[in-house]
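Chains as they are written, first to last, in the numbering used here: chain A, 0 to 82; chain B, 16 to 352.
Keep in mind that the hints were calculated from the coordinates and are not lab data. Only a predicted model underlies this, so the values are computations on that prediction, with no experimental measurement involved. You may find that some hints are simply not true.
What the hints assert, rightly or not - Below, in silico cross-link-like pairs of lysine-lysine (DSSO-like), each with a Cα-Cα straight-line distance of 30 Å or less:
#1 7(A) to 146(B)
#2 24(A) to 4(A)
#3 12(A) to 24(A)
#4 24(A) to 281(B)
#5 75(B) to 233(B)
#6 24(A) to 146(B)
#7 12(A) to 281(B)
#8 281(B) to 7(A)
#9 7(A) to 24(A)
#10 4(A) to 146(B)
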Amino acid sequence: MRLTKFVKFREEKFGGVLFETRSEKVFALNPTAAAVVREIAVGGDEDAIAARLTDSFAGPNGVIEREVRTFIAELRERGLLDG
Amino acid sequence: MADRVADLAAGVAAETPRPAGLSASAEAEDLGAPLYVAWQITNECNLACLHCIEESGPGKAFRDELDAAGVIAVIDELMDNDVPYLSFSGGEPMLHPHFFAMVERVCSRGAELKIETNGHYLSVENCARMKSLGVKAVQVSLDGATAPAFQRMRVRGSFDVTVQGLRNLTAAGVPLEINFSPASFNAHEIGATVDLAYELGAYSFYTGRTMYTGNAVKAWRHLELPEARYEEFFAVLREKAIEYRGRMRVYFHEAGLLEELRYRLKHPAALLIVLPNGLVKLINALPFICGDLRREPLRDVWARFQRAWRDPRVAQFVDELAADPGRTRALHQWVHL
Numbered sequence: 000m001r002l003t004k005f006v007k008f009r010e011e012k013f014g015g016v017l018f019e020t021r022s023e024k025v026f027a028l029n030p031t032a033a034a035v036v037r038e039i040a041v042g043g044d045e046d047a048i049a050a051r052l053t054d055s056f057a058g059p060n061g062v063i064e065r066e067v068r069t070f071i072a073e074l075r076e077r078g079l080l081d082g
Numbered sequence: 016m017a018d019r020v021a022d023l024a025a026g027v028a029a030e031t032p033r034p035a036g037l038s039a040s041a042e043a044e045d046l047g048a049p050l051y052v053a054w055q056i057t058n059e060c061n062l063a064c065l066h067c068i069e070e071s072g073p074g075k076a077f078r079d080e081l082d083a084a085g086v087i088a089v090i091d092e093l094m095d096n097d098v099p100y101l102s103f104s105g106g107e108p109m110l111h112p113h114f115f116a117m118v119e120r121v122c123s124r125g126a127e128l129k130i131e132t133n134g135h136y137l138s139v140e141n142c143a144r145m146k147s148l149g150v151k152a153v154q155v156s157l158d159g160a161t162a163p164a165f166q167r168m169r170v171r172g173s174f175d176v177t178v179q180g181l182r183n184l185t186a187a188g189v190p191l192e193i194n195f196s197p198a199s200f201n202a203h204e205i206g207a208t209v210d211l212a213y214e215l216g217a218y219s220f221y222t223g224r225t226m227y228t229g230n231a232v233k234a235w236r237h238l239e240l241p242e243a244r245y246e247e248f249f250a251v252l253r254e255k256a257i258e259y260r261g262r263m264r265v266y267f268h269e270a271g272l273l274e275e276l277r278y279r280l281k282h283p284a285a286l287l288i289v290l291p292n293g294l295v296k297l298i299n300a301l302p303f304i305c306g307d308l309r310r311e312p313l314r315d316v317w318a319r320f321q322r323a324w325r326d327p328r329v330a331q332f333v334d335e336l337a338a339d340p341g342r343t344r345a346l347h348q349w350v351h352l
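Required output: the full structure, derived from the provided sequences and hints.
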């Protein structure tokens, strides 16, 4: 799983941005979403990323994992993610 | 190439993915650096197009254009600040004496790069070189599906040379975008030009209203397209967008300049326009200069860009434009903010 070829990620004070340079669309990310993208850049499958972020972020049982999976699904749906 | 009919439309728009709990909004003022730098690397051009917003042409290079060390220094400053996306335009960017060195520097540092060219230097060798360096896309001006229409706009240009250049690009595997500037003498060819763009392998097609500025002020009587014909023009594009859905994106921008500028006053794009001498414009369609990359770090220029959009002179210029659309003729009389 990785960002598609023309997608660039940059950290920002508010979290980060994904820039899809073919369509020239920008997607803003809050800190949790930015953390997911950082983990995608590090590598690993969806389960591993969800597990790592669940350990990193405090939250009600299952909420972080659910949000991570929802976000990854949305990245795929928008063509921002390969694999 | 300096059309910029779609310049405002191509401004980087912020959009947010909205999974529950994972969204935010991003305006230019929230960002630490621009996301997109549109760099007019030279004002020199082999053509003298009727509508050229930059008034480029043979012998029209600025006297103070950046030298080899200057362009590399600007690129490194942009890359050091994580600017992810650049475009090189002109004039004709491929005439810049250090064009390929600049391309190599940008691509080797990991940013995406688009070249906006008139297509007259797209030899087999140059296309192969751009492919090997990793150029993201090349946008070429194609203002007609026939030589007479194209060459009336592109003074000194050749339709056949341009089309051959497009074929060379796609043969080399470089993604191709087409840009079309409408005028009274070519608007009727819009449908055929979209078809030709697809046949030539383009993945995107851009057009919008031609601006009354630069060379267009002098040539307006030849260029002006009445509103009724713009309606026909956009009607064809709506059909073509549907026809090519999933195969080639057909982008067209129906809004007029004033409407765009009013939007930008509230939502500045995360886009810097850099001139051949390193000066930075607020936006192509306004005369305001908000920085100088020869002397200032990008961080300072970006901060001034963000403040400049709130400068009352900018809003006043836009208001004056509402009363007198001809104010655009003064876009080259720079105002330093």
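Residue 75(B) and residue 233(B) were given as a pair; does the straight-line alpha-carbon distance stay at or below 30 Å? holds, 17 Å
Taken at face value, is the distance from the CA of residue 24(A) to the CA of residue 7(A) at most 30 Å? holds, 11 Å
Assess, step by step, whether the Cα of residue 12(A) is no farther than 30 Å from the Cα of residue 281(B), and give holds or violated. holds, 21 Å
Is the straight-line distance between the alpha-carbon of residue 24(A) and that of residue 281(B) 30 Å or less? Holds, at roughly 18 Å.
Would the pair residue 281(B) and residue 7(A) pass a check requiring their Cα atoms to be no farther apart than 30 Å? holds, 25 Å
Would you check the hint for residue 4(A) and residue 146(B), treating anything up to 30 Å between C-alpha atoms as holding? holds, 15 Å
With the threshold set at 30 Å, check whether the alpha-carbon distance from residue 7(A) to residue 146(B) stays at or below it. holds, 19 Å
Compare the distance between the alpha carbons of residue 24(A) and residue 146(B) with 30 Å, and conclude whether the hinted pair is satisfied. holds, 23 Å
Agreement of residue 12(A) and residue 24(A) with the hint, judged by alpha carbon distance not exceeding 30 Å: holds, 20 Å
Are the Cα atoms of residue 24(A) and residue 4(A) separated by 30 Å or less? holds, 14 Å
Going through the hint list in order, the structure satisfies each hint without exception.
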